[in-house]
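As a plain string of letters, each chain reads:
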Amino acid sequence: MAIAPIAGVASLGQLAGTPSIDAATKAKSGPGDGFGAQITNALDNLQATQNTADNLALKAATGGAQDVSDYMIAATQASLATELTVAVRNKAVESFNDIMRMNI
Amino acid sequence: MGIFGILDTSGSGLHVNKLWLDAVSDNIANINTVKKTSDNAFQERMVVAQESPDTSGTGVGSGVHVSGIQLGSADGVTFYDPQNPLADKNGNVKRPDIDLGDQMVQMMVAQRAYQANLAVIDRARDTYIQAMGIGK
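First to last, the sequence lines map onto chains D and C.
With the working numbering as the guide, the letters of the first sequence map in order to residues 1 to 104.
With the working numbering as the guide, the letters of the second sequence map in order to residues 1 to 136.
Each statement offered as a hint is correct.
What follows is a set of in silico ranges between Cβ atoms, one per label pair, in the way DEER data are often shown:
#, chain 1, residue 1, chain 2, residue 2, range
1, D, 67, C, 78, 33 to 41 Å
2, D, 36, C, 71, 53 to 61 Å
3, D, 85, C, 71, 42 to 50 Å
4, C, 134, D, 79, 16 to 24 Å
No lab work stands behind these hints, which were simulated from the structure alone.
All residues carry an ideal CB built from backbone N, CA and C; glycine is no exception.
Turn these sequences into a full structure, and let the hints steer you where they fit.
Shown next as C-alpha cells:
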C-alpha cells in the first residue's frame, strides 16, 4: 500500500481569497486622501492662516492696517487653527499608542 | 467660507459698521464746514450696505459688504453771515445740511451693531473651542 508523499506547502501569496494589505490600503487612500496627506494639508492650511495673521500684524505695527478687527480676526483664526491641529495630532498619537499597546 | 466661517462673516459686519462710524465721524467733523454759495456744500456721507452672496453652497450668505457711499444734498443750507470772508455780495454762505442729532443717533446704532458682531465672534470662538473638546 503506497503512501502519498507529503506535498509542499503552497506559497502564501497564492492563497486564494486573501486580499493583500497593499490592495486594501490602495483602495482606501486615493490621491491625497490618506491620513498623512490630510495632516499635511491641515498643516499647509495652518501655515497659510498664520502667514495671513503675521502679515496683518506687520501692517498693524507699521501703521498700514486699515481695520483693527481685521488683524484680531486673523489672529483668532490662526490660534483656533493651531488648537485644532494640535487636537487632531493628539488624537492621532493616542490612537497610535493604543495600537502599539495591543497584545498580539 | 473657511472652517471658522463665522469669524469671517461677523468680521464683515465689523468692517461695515466701522466704515459707518468713519462716515459719521467725517460728517460730524465737517458739520461746521462753510463754503461759498457758488460752491457745493459739504455733502453728508452715507454708507450703503449690501448682503454678501452665499459662497459655501449651504444657502447661508457670507456676511455684508459696503456697495458704495451715497452723498447727501450739495445745496446745503444758506446762512447769512456777512462777516465771513467767504460770504457772497448778499452776505450769504453755505453750511452743510447735516443734523447733529441725527448723526449722534446713527453713531449709537453703528456702535451697538459693531458690539453685536463682537458678541457673535466671542460666542463663536467659545463654541469652536468647545467643539475641539469633543471626546476629551
